[in-house]
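A.B. asks: Here the protein sequences come in this chain order: A and U.
So the first sequence is residues 839 to 1235, counted in the working numbering.
So the second sequence is residues -2 to 268, counted in the working numbering.
Keep in mind that the hints were calculated from the coordinates and are not lab data.
Errors might be hidden in some of the hints.
The following label-pair restraints were derived from C-beta to C-beta distances [said to hold, decoys possible]:
no.	chain 1	residue 1	chain 2	residue 2	range
1	A	1173	U	55	27 to 33 Å
2	A	942	U	215	46 to 52 Å
3	A	1138	U	33	34 to 40 Å
4	U	82	A	901	38 to 44 Å
5	U	177	A	1173	47 to 53 Å
6	U	177	A	1214	52 to 58 Å
7	U	150	A	1094	21 to 27 Å
8	A	1096	U	80	26 to 32 Å
9	U	255	A	884	53 to 59 Å
10	U	159	A	1093	38 to 44 Å
Only some residues are given here: those of chain U computed to face chain A with a beta carbon under 10 Å [claimed, not checked]:
no.	residue
11	95
12	112
13	206
From the three backbone atoms N, C-alpha and C, an ideal C-beta is built for every residue, glycine too.
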Amino acid sequence: MHKILPLVAAFTLAGFIPTGVSGEFSGNIGLEATSFFEPAIYENQENSYASISANVDYYHDWDNGDQRFETSLFGRFDSDDERTHADIRELYYWRAFNSVELYAGVRQVFWGVTESAHLVDIINQTDLVESIDGEEKLGQPMINTLYETDYGAYELFILPGFRERTFAGEEGRLRASIIVDQDNATYESDKEQSHIDYAFRWSHVIDLVDIGLSYFNGTDRNPVLTPNVDSNGIVALTPHYRQIQQYGLDVQATIEDWAWKMETIAVLPDSDDNYFASVSGFEYTLVGLSGSSTDLGLIVEYQYDQRDADLASLQQNDIVVGTRWVLNNADSTEILLIGSADLDDDSVIMSIEAQHRLTDYWSMSVEARYFGNSSLGDPTYDLRKDSYARIEFNGYF
Amino acid sequence: MNTFNIKNKVLRFSLLAMSLFTAVNTTTAFAETSQQKGLAIVIEADKRDQGFGDSSASMEMILTNRHGEESIRIMRNKTMEQENDGDKSQIVFDNPRDVKGTAFLSYTHREGADDQWLYLPALKRVKRIASSNKSGPFMGSEFAFEDIASQEVSKYSYNYLKNESFDGREHYVIEFDPKDLKSGYSRQEVFFDTEEYRVWKVNYFNRGGELLKTLSISDFNQYLGQYWRADTWSMINHKTSKKTVLNFKNWKFDNDFSDRDFSRNSLSRAR
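Extracted from the complex, chain A is given alone in its bound form:
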């Protein structure tokens, strides 16, 4: 229950915000059911899970729109205890000065351009129990300045307060064969979670090209997982968070129906070998497929990671091919179908994500993933029985 505390605190805090200026509440409630196609490998795991989640957002502008308070709170109850959690996604104060903007508080910041991997995106920790696609993030405390010029936008981030990655618990599916012991993470820095990280980013739009250059110095968001025997004599994976520097480059050139994309990072751990990783590819959109209103997007991306397969990353030499169907109908139906193949070991992941609007206040989404062909030693081996389908209904207020 201790995880619910931040949520309560934030609600209390929100109550103190002055009223009477422009602002509004909004949010949604999600009802989710997940079903696994094959019986669980490990004890205590279930074959289906039910879950309810809520987002509550509030913002409030004053000073002619030059100041804002914004908050976004998230909570979930799930039949897997580790997936039951609450988080302050955002809770910040923003102010615009003449040419500089200041953000102070908890925020979510996304960097990058590619679809199948998000390499340069390092500010926020991944909320892995929410989704294994790495697109759900935990709020990150920060002080952030933004300075926009004719030669691009310059951003400085000071990041106090490290957030640990969330992992599925013993009762959860989509986990490694050995449980991650989330209560005993270790840190390279003596300051542990209080280490103050910082980051810098320059981004610019030059005609058809959107480009970003970034530098991060601090605690790696990706832990190294090492098997250890815990106090009860049970083998568990202990997350170890290293100190790193990361240089990132992201580029997208949008030329007619083509979007060419590339993200590359160079990671320099304080006490380990340097490595680089890259993902590059394109999305091509066939507009008005055979006379209809449907747009068909073709996505091809190649992922390379210099590290060995046994380290954290699932994507070390993979090709990803996908199609995105956008029906352009009144209900905004969209279907994204993605297949990813490991060129080294033939393992494949197939996924389908679809969204459809039911009414002005309800929408539904479907997600299914299939893990195939993995043999012992592949990064996806532990997920071999975890192919699943998930349906979610979202109600908005």
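Given the coordinates of chain A, work out where chain U should sit on it, guided by the hints.
C.D. replies: Leaving out everything else, chain U in the frame of chain A:
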């Protein structure tokens, strides 16, 4: 979703000024061809809308399918005029609620493709999107992106067809031939009133040359003593019998917008 300078189309083609007669008289004096006359009328309409600076408005789109069922989209639009280029504009979606907070930014250009970005609030992600998708429907409506994008004089060639009277007004009927091969239309017939150069009607012809859609524009009001904006845009698709009515409300000028309000970074703050 795509560009939204709705106001602009209205504006660019609508304006009042006493110079109307001067312009027409000047052009006719040279015994021009129908192409020259068409271009002159469009240039005059464009000229009358220059200098509005910036504007904002709220928008309600009512989609009606062939069974008469309605669905409603609610959006807000801001636009800022640029000195030597097309306008910058931003649209934020309020309804349906699942797309609430989604924001669309576009920089239209006189020459070449427009720049467009989409902000997806669930991922906190700003995505540059291909702007070649001109003929696709906007938000599932009967409006294509190109119908609501800022219209730049250089993007079509023109041909004056005739004068036509309806609703007690005299109109110039000008044929617009899109230069862009990605346009969904072979041509458009645009009806400007001869007094104020406002667009009251557009007939859209598909690539096969058949009449596809008709747009009727009405409820004009004048702002800053000069610029005309319409509150009601009604698009009927003759092939599908589907209809979309776009209502503008709360037109505001002199918002004192700056480039910061239209930057890529500002999209994530759009409300």
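A.B. asks: It remains to establish, for every hint, whether it holds in the given structure.
C.D. replies: Evaluation of the provided hints:
Against the hinted window of 27 to 33 Å, the Cβ-Cβ separation of residue 1173 of chain A and residue 55 of chain U comes to about 32 Å, which satisfies the hint. At about 49 Å, the CB distance of residue 942 of chain A to residue 215 of chain U agrees with the hint of 46 to 52 Å. At about 48 Å, the beta-carbon gap between residue 1138 of chain A and residue 33 of chain U misses the expected band of 34 to 40 Å. Between residue 82 of chain U and residue 901 of chain A the beta carbon distance is about 31 Å. The supplied range of 38 to 44 Å is therefore violated.
For residue 177 of chain U and residue 1173 of chain A, the Cβ-Cβ distance of about 29 Å falls outside the hinted range of 47 to 53 Å, so the restraint is violated. Against the hinted window of 52 to 58 Å, the Cβ-Cβ separation of residue 177 of chain U and residue 1214 of chain A comes to about 56 Å, which satisfies the hint. The hint said 21 to 27 Å for the Cβ distance between residue 150 of chain U and residue 1094 of chain A, and at roughly 22 Å that hint holds. For residue 1096 of chain A and residue 80 of chain U, the Cβ-Cβ distance of about 30 Å falls inside the hinted range of 26 to 32 Å, so the restraint holds.
Distance hint check for residue 255 of chain U and residue 884 of chain A: the Cβ-Cβ separation is about 55 Å, which falls inside the suggested range of 53 to 59 Å. Range check, residue 159 of chain U to residue 1093 of chain A: about 40 Å between beta-carbon atoms, so the 38 to 44 Å window is met. Because the closest C-beta pair between residue 95 of chain U and chain A is about 4 Å apart, less than 10 Å, the hint holds. With a least beta-carbon distance of about 7 Å to chain A, the hint placing residue 112 of chain U at the interface is held under the 10 Å criterion.
With a least beta-carbon distance of about 15 Å to chain A, the hint placing residue 206 of chain U at the interface is violated under the 10 Å criterion.
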